[in-house]
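J.: Chains as they are written, first to last, in the numbering used here: chain P, 47 to 633; chain D, 4 to 268; chain L, 4 to 113; chain G, 340 to 535.
No lab work stands behind these hints, which were simulated from the structure alone. One should not assume that every hint holds.
Said to hold, decoys possible - Computed footprint of chain L on chain P, listed as stretches where at least three residues anywhere in the stretch have a Cβ under 8 angstroms from a Cβ of chain L:
| no. | segment |
| --- | --- |
| 1 | 312-326 |
| 2 | 378-384 |
| 3 | 388-395 |
To be verified - Taking lysine-lysine pairs in the DSSO-like style, the calculated list, with each CA pair at most 30 angstroms apart, reads:
| no. | chain 1 | residue 1 | chain 2 | residue 2 |
| --- | --- | --- | --- | --- |
| 4 | P | Lys625 | D | Lys64 |
| 5 | P | Lys498 | L | Lys81 |
| 6 | G | Lys501 | L | Lys80 |
| 7 | G | Lys498 | P | Lys74 |
| 8 | P | Lys578 | P | Lys498 |
| 9 | L | Lys80 | P | Lys257 |
| 10 | D | Lys259 | D | Lys167 |
To be verified - Under 7 angstroms between C-beta atoms, here's a sample of chain D residues computed to sit facing chain P:
| no. | residue |
| --- | --- |
| 11 | Asn59 |
| 12 | Ile199 |
| 13 | Arg215 |
Every residue gets a Cβ at the ideal spot worked out from N, C-alpha and C, and that includes glycine.
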Amino acid sequence: MSEPAAVVAHKAHVAHEAHHEELGFWRKYVFSVDHKVIGIQYAITGLLFLLFGFSLMMLMRWQLAYPGAALPLLGTLLGEARMPGGSMLPDFYNELGAMHGTIMVFLGVVPLAVGGFGNFVLPLQIGAPDMAFPRLNMASYWFFFLGGVTMLASFFVPGGAAQGGWTSYTPLANLAGTGQTMWLVGMIFLITSSLLGAVNFITTTIQLRAKGLTFMRFPFFVWAQFVTAFLLLLAFPPLEAAAVLQLMDRLAGTSFFLPSGLVVSGQVLTVAGGGNPLLWQHLFWFLAHPEVYVLILPGMGIVAEIIANNTRKPLWGYRSMVYSLVFLGFMSFIVWAHHMFMTGMGTAMAAFFQTTTMIISIPSVVILTALIISLWGGSIRFNTPMLFALGFLPMFGIGGLTGLPLGLNVADIPLHDTYYVIGHFHYVVAPGTIFALFAGVYYWFPKATGRKMNETLGKIHFFGSLVCMNVIFMPMFLMGMAGVSRRLFDGGAAYDFAQPVLHLNVVSSWGAWILAIFQIPFIFNFFWSIWKGEKTDANPWHATTIEWAAPSPPPHGNFLVAPEAHRGPYEYSVPGAAKDFSPQYEA
Amino acid sequence: MTDWLGLPALASAHGGQIDSLIGWTHVFMLILFVGWGGFFVYCLIRFRRSRHQAANYTGVKSHASNYSEIGVAVVEGILLFGFAIPIWAARVDRMPPAHEALVVQVTGEQFAWNVHYPGPDGVFGRTDIKLLDLQTNPLGLDRSDPAAKDDVTTLNQLYLPVNKPVIVRLKSKDVIHSFGVPEFRVKQDAIPGLTIPIWFVPTVTTAEMRTRTGKAEFQYEIACAQLCGLGHARMRGFVTVQTAEEFQKWLDERVKEASEPDPFR
Amino acid sequence: MTSDHAADMTGDHAADIDRHVRVYITVFVALMVLTIVTVAVSYLDLPIAMAVTVALLVATIKGSLVACYFMHLISEKKLIYAVLILTAVFFVALLALPAVTHSNGYWIPE
Amino acid sequence: MDIPYTVEVRRDTGLTNGKIGIWLFLASEVMLFGALFASYILIRTGAPSWPRGDTILNVPLATFNTIVLILSSVTMVMAWASLMRRRFGTFRLYMGATILLGFVFLVVKYFEYSHKFHDGLYPSTNNFLAIYFTLTGLHMLHVAGGMAVNAYFWGPGAKLWKTNPVWFTNRVENSGLFWHFVDLVWIFLFPTLYLL
Ligand code: HEA
Ligand code: HEA
Ligand code: CUA
Ligand SMILES: [Cu+2]
Chain P
47 MSEPAAVVAH KAHVAHEAHH EELGFWRKYV FSVDHKVIGI QYAITGLLFL LFGFSLMMLM
107 RWQLAYPGAA LPLLGTLLGE ARMPGGSMLP DFYNELGAMH GTIMVFLGVV PLAVGGFGNF
167 VLPLQIGAPD MAFPRLNMAS YWFFFLGGVT MLASFFVPGG AAQGGWTSYT PLANLAGTGQ
227 TMWLVGMIFL ITSSLLGAVN FITTTIQLRA KGLTFMRFPF FVWAQFVTAF LLLLAFPPLE
287 AAAVLQLMDR LAGTSFFLPS GLVVSGQVLT VAGGGNPLLW QHLFWFLAHP EVYVLILPGM
347 GIVAEIIANN TRKPLWGYRS MVYSLVFLGF MSFIVWAHHM FMTGMGTAMA AFFQTTTMII
407 SIPSVVILTA LIISLWGGSI RFNTPMLFAL GFLPMFGIGG LTGLPLGLNV ADIPLHDTYY
467 VIGHFHYVVA PGTIFALFAG VYYWFPKATG RKMNETLGKI HFFGSLVCMN VIFMPMFLMG
527 MAGVSRRLFD GGAAYDFAQP VLHLNVVSSW GAWILAIFQI PFIFNFFWSI WKGEKTDANP
587 WHATTIEWAA PSPPPHGNFL VAPEAHRGPY EYSVPGAAKD FSPQYEA
Chain D
4 MTDWLGLPAL ASAHGGQIDS LIGWTHVFML ILFVGWGGFF VYCLIRFRRS RHQAANYTGV
64 KSHASNYSEI GVAVVEGILL FGFAIPIWAA RVDRMPPAHE ALVVQVTGEQ FAWNVHYPGP
124 DGVFGRTDIK LLDLQTNPLG LDRSDPAAKD DVTTLNQLYL PVNKPVIVRL KSKDVIHSFG
184 VPEFRVKQDA IPGLTIPIWF VPTVTTAEMR TRTGKAEFQY EIACAQLCGL GHARMRGFVT
244 VQTAEEFQKW LDERVKEASE PDPFR
Chain L
4 MTSDHAADMT GDHAADIDRH VRVYITVFVA LMVLTIVTVA VSYLDLPIAM AVTVALLVAT
64 IKGSLVACYF MHLISEKKLI YAVLILTAVF FVALLALPAV THSNGYWIPE
Chain G
340 MDIPYTVEVR RDTGLTNGKI GIWLFLASEV MLFGALFASY ILIRTGAPSW PRGDTILNVP
400 LATFNTIVLI LSSVTMVMAW ASLMRRRFGT FRLYMGATIL LGFVFLVVKY FEYSHKFHDG
460 LYPSTNNFLA IYFTLTGLHM LHVAGGMAVN AYFWGPGAKL WKTNPVWFTN RVENSGLFWH
520 FVDLVWIFLF PTLYLL
């Protein structure tokens, strides 16, 4: 058993901590360079942004369900400029839509999945004392924080926040108000943060691996973070370039994205012209497609860890999963134009991007299949992390499968920019990624705090969320099929052909609001468990990966005795072994 | 055969292919989901802790999964090369020659669709943004140009003859819009600085669709599919499909109106 | 090799540092010459296609000289090469982007 | 607690953390400028007509600047070499020269810019100038950044030489890698903007 050793180590460490470094409150909890503290900062901030992004959406869902109806009390609080008499103006709806997308993707999921779990877990899992560049790590958090503040502040500038969707398509974005400039500046901060983070993750993974921890002994989560870091490193700069160009257009009066002869509401636009709106789309999607895999890969990593741990057996087809992961990461750079099928692309280009899109679906199928097959022959424990991990599989399945018709551009003609797309990607990011992230929170909470979260509350949270997520997003496929466009501030009420499916808006909305209620047990559980949760030892789940060798919570510097990897990551139920798990770190 | 998908009533020649592709793709998706889902649920029940105390280190030995994955790849390949790519090629490369089709220009603007017919001479008159006036002349059509004399322009009203190829030349004055008519299974972004032609053949007149759907006031609607500002939700146009005669009659009247000297112009 | 230097700076290394320095000087001269060449060529007013090829060719040579000798890429570790090759691949994908946009659309530009 | 492989190389990779870090960063920089070059090509090939750089820009000045920047690259690498030879004095000289040359580059660029503005040529004038100002502007930011880092190692950062010469040498080498990259970018900017 590793616990006693670890505990002893812990005591010893605390002792020697005491006399050599005494950090003040600020250095210890705020401007900390300890990857665990930074990870937790990222995670909490990310969770709060998720909650905020969700709240924006709940407002929108009111307008979608009951277009034009005055929103009781809250509506009036938001002010005449946004919701005169409590009923929502279209510009405000567009603000909420654009910011919901931006916040969820760039300020919610990425910070939590990469900044939070990556920072906290990755160094522990590879047996490192910290990240390779602790100061850079701190910088990356604070850049992210700045980006977040900029985005939030943009709600209060005249004209409000960005209204061009999270995609900020030009020329619409060029013509928008100050909020758009703030959006661009905020994005540049966030991109900088991600780049610094990516450099740090890759270097750490390559350099600070524990002795004996070869790449093929990496936990799948480490692989996922590693590939993700490369996506961030190489896909984000083009968006940074695009943001710079759009800033030039907005501030210096250039026309990179403005063709000649634009006439806006009767007025001829006085710009040099000669630009190209499609340039923005290319640069944006060159990032944004890899970005969507940035949203899912860490989730897959978390799910893999938890499934192996709670089936008490090795992952099935670990190698093929790793190869698929790497292949997936690589391919994700050459499918971007499948978001632009309706911009008028010719046969050759369409054929190319459809083909790559179909190809990229295969590795996902392989990974999911391997995860499902891993269940076979297991001795499955249904604890809260496992429930969320299991929930992830079919939900991602639905999201992923609905990606296929979108990937065939003929089929995409009726579906493009309808609620079918909204349904598709929400299944992958909401009951998909968000569930995986919840699973991760429940799973590593004991490592971070030394206490377990409450199981009963966890199960309420899971089943409630599972049902609601489907109630929200399943109807969207029907609305999309019926041809209802996305980003309509009245949910399609203006159109005759939408009438038969309009009632589904009400269903979705109630689903969303009830989903919010089912988050309360989680939020309560989260904070309550920090202080009152059931105490645990270093390795409560009887897991095999190296993070569990460190005491919970791990001290500054993580391990007193540098751990070594003696075997693969998931040696559970090894025939003839004394116990049903043989940790990597035990000789 | 594809009613179960819940797509709007079909009213164009090429739409059938699209529907069946969507249909078959969804059948394939369902098979995958049910197949994998079934196995998934079975595992959860059979291998739950209470029933299966000790896990089995090796788990599945068979290579069935590899075959199923290859199967997935093959089906995707067929959907792709057998259907998607050829159909798209037909949409894009096999556009009928202008003389066999009705050519009409549709220009999106915040937040309306300007429709422009070349008139009998089949030539679109010169347009010039300097002449542009929101009320009287939203397209900036230069009436002094002989070719423009017989041109017909309407706002948000697209009239089409049934069973005749239509080539819609899409333009935009300001931002990106997207011209979508659900019943025709057409959708195309209208991008400023570019003129993008799309073509289709309406097969059901508005009148007939009214009797079919039993909705007396049924109309084909043009739905803007691309976020284009605060009026995006309201950027709604109408398509009226008529018999060849009715359409000709309508066009002639408009031409007459257009070419009559107008005291206000 | 460079980082090995860094790792242990023993006397015998000083010798091949001198060799390095000589290389740097030659590279510097080469860069100067090439700079003059590009500028000179530009005054010949070659047909644009020709001019572009020459200019980019010279630039590439200069760039590789800097990368190989000043940045020591000529004798770098496998890992660095791997990263740069990966980057190069995506860099090409990125440069293919304009071609993609112009060459294959069914629009009629104005 | 200190991080392994900041000073000594890791056996299996043969590299220090800093070395990998800087190269990864440069990789992202390649993608950044790559995207801007792609935009330039796209805009230019889409344009009905495009001015030849030398009809608008000052080639002699730019040539001078090119030479300055190349020189600074040489002094930079010499600065590192002097550390390798444990000659701190010459390092200071070369590093100082590098910073100075960088400064000269910026001054020349300042005159180029102000002259353009004086002639009423702004980024908004046409797309050629738009891309010119964007690319050179961003490049100037990089030059300034590099200078800041170098200045740090010339001044306060140099303390490290006393306590840990090997580490200091590595850090100077890495800041050098960045500086050479900035030079490298200019080597491509110069012909594309000024000569074609
Ligand atoms: C995490 C995010 C994520 C992921 C993983 C994916 C995955 C995929 N996406 Fe998605 N996509 C988005 C996020 C994501 N997408 C977003 C955000 C948008 C909209 C952006 C916007 O416009 O705002 C979008 C839009 C989008 C479009 C553009 C639609 C349009 O605008 O018209 C397309 C088109 O090709 C597409 C395709 C695909 C494909 C083929 C996959 C494939 O990778 C999917 C492969 C996976 C599978 C094939 C599932 C396999 C699993 C099983 C078979 C097991 C089932 C399990 C059980 C039953 C237990 N996506
Ligand atoms: C990661 C990405 C992500 C996520 C997770 C979500 C989550 C959700 N999204 Fe969103 N959405 C987008 C990305 C995302 N969305 C994007 C990119 C768009 C397109 C925008 C555009 O048009 O440009 C979009 C658009 C979009 C629309 C379409 C709007 C329109 O087209 O007009 C709708 C409509 O219902 C919607 C709904 C929802 C709902 C109900 C959820 C729910 O699933 C929300 C679930 C959230 C939670 C469950 C929060 C959990 C967090 C906590 C409980 C915090 C706990 C806190 C502590 C412990 C401190 N989203
Ligand atoms: Cu026009 Cu949306
Ligand atoms: Cu995509």
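J.: Run every hint past the structure and note whether it holds.
T.: Here is how each hint holds up against the structure:
Under the rule that three or more residues need a Cβ within less than 8 angstroms of chain L, the assignment of the segment 312-326 of chain P holds, with 3 such residues. Only when three residues or more bring their CB closer than 8 angstroms to a CB of chain L does the claim for the segment 378-384 of chain P stand; here the count is 3, and the claim holds. Requiring three or more residues with a Cβ within less than 8 angstroms of a Cβ of chain L, the coverage given for the segment 388-395 of chain P holds, as 7 such residues are present. Between lysine 625(P) and lysine 64(D), the direct Cα distance comes to roughly 24 angstroms. Compliance with the 30 angstroms bound is thereby established for this hinted pair.
The suggested pairing of lysine 498(P) with lysine 81(L) is violated, with an alpha-carbon distance near 44 angstroms, which exceeds 30 angstroms. Taking the CA atoms of lysine 501(G) and lysine 80(L), the gap is about 29 angstroms. The hint holds against a cut of 30 angstroms. About 27 angstroms separates the Cα atoms of lysine 498(G) and lysine 74(P), which keeps this hinted pair within 30 angstroms; it holds. Between the alpha carbons of lysine 578(P) and lysine 498(P) the distance comes to roughly 9 angstroms, so the proposed pair stays at or under 30 angstroms and holds.
This hinted pair checks out: lysine 80(L) and lysine 257(P) have alpha carbons roughly 21 angstroms apart, not beyond 30 angstroms. Annotation: proposed proximity of lysine 259(D) to lysine 167(D) holds, straight-line Cα distance about 23 angstroms (limit 30 angstroms). The interface hint given for asparagine 59(D) holds, since its Cβ lies 4 angstroms from the closest Cβ of chain P, which is under the 7 angstroms cut-off. Nearest Cβ of chain P to the Cβ of isoleucine 199(D): about 4 angstroms, under the 7 angstroms cut. The hint holds.
Interface restraint check for arginine 215(D): the shortest CB-CB distance to chain P comes to about 14 angstroms, outside 7 angstroms, so the restraint is violated.
The earlier numbered hints that this structure contradicts are 5, 13.
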